[in-house]
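Undergrad: Protein chains in written order, with the UniProt record's numbering: chain A, 1 to 346; chain B, 1 to 335.
Because the hints were derived from the structure by calculation, they are not lab data.
By construction, the Cβ of each residue, glycine as well, lies at the ideal position given by its N, Cα and C atoms.
Be aware that one or more of the hints could be misleading.
Facing chain B, from chain A, some residues (calculated, C-beta under 8 Å) [as the list claims (entries may be wrong)]:
hint	residue
1	Thr70
2	Val161
3	Gly321
4	Ala325
5	Ala329
Think about it this way: if two alpha-carbon atoms lie no more than 25 Å apart in a straight line, the pair counts; the simulated DMTMM-like pairs of lysine to aspartate or glutamate are [claimed, not checked]:
hint	chain 1	residue 1	chain 2	residue 2
6	B	Lys229	B	Asp219
7	B	Lys174	A	Glu52
8	B	Lys174	A	Asp204
9	B	Lys174	A	Asp235
10	B	Lys229	B	Asp278
11	B	Lys174	A	Asp65
Covered by chain B, per the in silico footprint, the following chain A stretches (three or more residues, Cβ under 8 Å) [stated by the list, open to error]:
hint	region
12	221-229
13	257-269
14	306-320
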Amino acid sequence: MTAAGYAVIRGRGASFLVHRRAVAVAAGLALLLASVSVAYLCVGEEFVAPGEVLRVLTGQPSPADLVVGTLRLPRLVIGLLVGAAFGVAGALIQTVARNPLASPDIIGISQGAGALTVTAMTFGVTSFAVLPYLSVVGGIAAALLVYVFAWRGGLHATRFVLIGIGFAIALRSVTTLMMTKGDYLVAQQAQIWMTGSLNGRGWDEAAPLGWALLALVPAVLWAARAQRTVSMDDDTATALGVPLGRVRLGLVLLGVVLASLATGAAGPVDFVALLAPQIARRLTRGAQIPLLGSALMGALVVVLADLLARRLFSPTELPVGVLTAAVGAPYLIWLIVRGRTGGGKA
Amino acid sequence: MAAAVRSRRVLATAAAVAALAVAVVLSLAVGARPIAPSVVFDALLHGAGRSGEGDVVLELRLPRTLIAVLVGAALAVAGTALQGITRNPIADPGILGISQGASVGVVLAIAFAGVHTLSGYVWFAFAGAAAASVAVYAIASSGRGGATPVKLALGGAAINALLLSLTTGVLTTKAAALDEFRFWQAGSVAGRDAVIVAQTWPFLLAGLALVVAVARGLDALALGEDVAKGLGQRVALVRVAAGAGATVLTGAAVAAAGPIAFVGLAVPHIVRALVGADHRWLLPMAALVGPVMLLAADVAGRIVFPPGEVPAGVMTALIGVPFLVALVRRKAVPA
Chain A
1 MTAAGYAVIR
11 GRGASFLVHR
21 RAVAVAAGLA
31 LLLASVSVAY
41 LCVGEEFVAP
51 GEVLRVLTGQ
61 PSPADLVVGT
71 LRLPRLVIGL
81 LVGAAFGVAG
91 ALIQTVARNP
101 LASPDIIGIS
111 QGAGALTVTA
121 MTFGVTSFAV
131 LPYLSVVGGI
141 AAALLVYVFA
151 WRGGLHATRF
161 VLIGIGFAIA
171 LRSVTTLMMT
181 KGDYLVAQQA
191 QIWMTGSLNG
201 RGWDEAAPLG
211 WALLALVPAV
221 LWAARAQRTV
231 SMDDDTATAL
241 GVPLGRVRLG
251 LVLLGVVLAS
261 LATGAAGPVD
271 FVALLAPQIA
281 RRLTRGAQIP
291 LLGSALMGAL
301 VVVLADLLAR
311 RLFSPTELPV
321 GVLTAAVGAP
331 YLIWLIVRGR
341 TGGGKA
Chain B
1 MAAAVRSRRV
11 LATAAAVAAL
21 AVAVVLSLAV
31 GARPIAPSVV
41 FDALLHGAGR
51 SGEGDVVLEL
61 RLPRTLIAVL
71 VGAALAVAGT
81 ALQGITRNPI
91 ADPGILGISQ
101 GASVGVVLAI
111 AFAGVHTLSG
121 YVWFAFAGAA
131 AASVAVYAIA
141 SSGRGGATPV
151 KLALGGAAIN
161 ALLLSLTTGV
171 LTTKAAALDE
181 FRFWQAGSVA
191 GRDAVIVAQT
201 WPFLLAGLAL
211 VVAVARGLDA
221 LALGEDVAKG
231 LGQRVALVRV
241 AAGAGATVLT
251 GAAVAAAGPI
261 AFVGLAVPHI
271 VRALVGADHR
281 WLLPMAALVG
291 PVMLLAADVA
301 GRIVFPPGEV
311 PAGVMTALIG
321 VPFLVALVRR
331 KAVPA
């Protein structure tokens with residue numbers, strides 16, 4: 001028996017329940033993302049015709065090799081990866097918290113990743129082979145702190161969010177402190193990084209992020225299945241023998257790791273993790289927050305925002321986080337005004 | 001009963017004055033070069049004389065200490081007023097985004113108006129603080145349930161993020177402004193000179209007067225809006241006066257020392273525990289205890305990582321978070 005709107009896909013040893021509308025939305029988003037990506041590669045200080053871009057992508061010799069292949073392509077790849085990671089991270093954490101506000105950039109996770117990364121930068125660590133992993137450590141540490149201090153015989157969403165906001169402020173002030181310690185160039189680099197920027201990123205930064213995310217794909221597939229069990233209420237889950245606590249912890253941990261990796265690569269690109277899953281859920285009109293949809297939506301938001309950030313005030317490039325905050329903050333305000341912020345256990 | 005309360009309040013006031021005196025002396029004596037209290041007193045009473053130490057006290061540490069006193073008092077009174085008008089235990093100029101609003105004003109002044117002095121900053125800071133406080137309160141009080149703590153904190157977080165991105169946008173496009181801004185932004189009372197003291201205190205006095213004038217109204221408001229109206233208080237007037245006072249105080253404090261979070265959060269709670277909920281006592285006591293907290297943070301910041309200094313704003317954030325955690329865990333904060 002399959003619920004209305006769902007279809008079952010059976011593979012060898014595994015079967016997936018697929019929400020039909022979610023598939024259609026994902027296909028539409030993927031198509032949109034592909035065209036935005038091509039536009040991203042075409043547009044810049046120097047316009048490159050789509051035909052040339054395709055020649056570069058297919059590996060044929062082209063005069064645009066340098067501009068498209070070396071400069072724009074790795075940056076696009078990072079934007080796609082970072083956006084997808086933030087989207088999935090937000091979807092997982094929002095699912096477990098059952099609260100549209102639970103987003104790594106509001107409850108201090110991004111700020112924890114940022115604080116440790118900027119601290120390392122101040123002390124002379126600039127290698128992108130190291131920084132992403134420091135971000136993960138910082139993000140997990142911040143998440144643990146907030147979790148421990150918000151736990152009081154259970155987690156209440158309000159308490160969790162308030163304490164998270166407090167830690168976010170404190171951790172940001174640590175970052176500020178580190179910026180006053182470093183010299184001017186480090187400060188400028190850190191300032192741009194902190195707002196979330198893809199500026200000047202190349203394959204050296206894209207590769208480690210890509211490998212790390214690739215390694216997490218099995219975990220994300222597990223999460224897609226586990227997500228459904230988490231939406232059960234505690235009594236049903238216990239009756240069915242589902243280890244709800246452990247599943248929730250696993251989902252949150254995966255979300256934290258994804259958000260921290262993305263933060264390490266591009267800085268805390270604010271509001272993507274908050275925004276993308278909610279838009280994706282509205283599009284699919286499902287009860288669940290769709291993971292694939294969130295990933296595609298996150299990538300779309302970041303790439304589109306970076307395209308605008310690059311061109312809006314050219315020749316000056318804004319950090320992409322400025323654009324996402326300019327869109328995301330009003331959305332958060334709308335959530336508050338509409339009263340969608342309370343309730344739910346975290 | 002009444003006598004017991006009164007003697008308790010007098011005792012608390014005496015203790016606060018003593019603590020402030022100790023904090024001031026520490027702030028004058030402690031630093032990269034420790035100076036004996038006797039030398040400090042000598043310099044204060046008889047001038048620097050010929051000693052280099054006296055110069056350090058009078059030229060460097062005295063203005064810094066006075067700024068910390070003014071800014072600490074301003075933020076604590078602003079926090080008390082905000083907690084009073086919002087009836088919300090986690091109201092604080094930093095959390096509500098008001099300090100960030102003042103910051104944006106200063107950034108715009110540095111980057112576009114060519115303003116580089118405090119007397120120039122301060123007007124931009126007021127404008128920014130006022131815009132941010134109106135925006136956050138409007139966001140939080142709309143929709144169901146009114147201005148609950150969570151909605152205020154989230155509204156503050158949203159405004160904070162929005163303004164922070166505006167700040168960064170400006171600083172990225174105007175690189176020259178960054179170097180001036182980054183030290184100011186950390187929230188520091190170091191390296192501020194006597195001129196700033198002279199420019200700050202009139203604003204502080206004006207803000208204080210506005211808030212104290214409606215102290216009884218704030219007391220009535222604590223009982224609920226309807227009761228306050230029943231008691232003959234003009235609720236809207238009380239809110240506007242106290243809100244304007246808090247905005248002026250925050251704007252002046254931020255212009256003088258950069259955004260410093262959590263003083264406005266923690267001090268009102270400490271003071272309430274000491275002298276009760278009467279705003280005619282709360283506000284002056286906050287003005288005494290606020291400076292103690294900021295001075296303590298500033299002195300601590302000078303000695304934790306020698307030879308460098310940790311800006312006072314960072315120290316208050318680190319001291320303030322456990323405070324917020326305790327408040328939220330004690331269920332003092334309703335959803």
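Undergrad: Please flag the earlier hints that this structure goes against, numbers listed from lowest up.
TA: Structure breaks hints 1, 7, 8, 9, 11, 12, 13.
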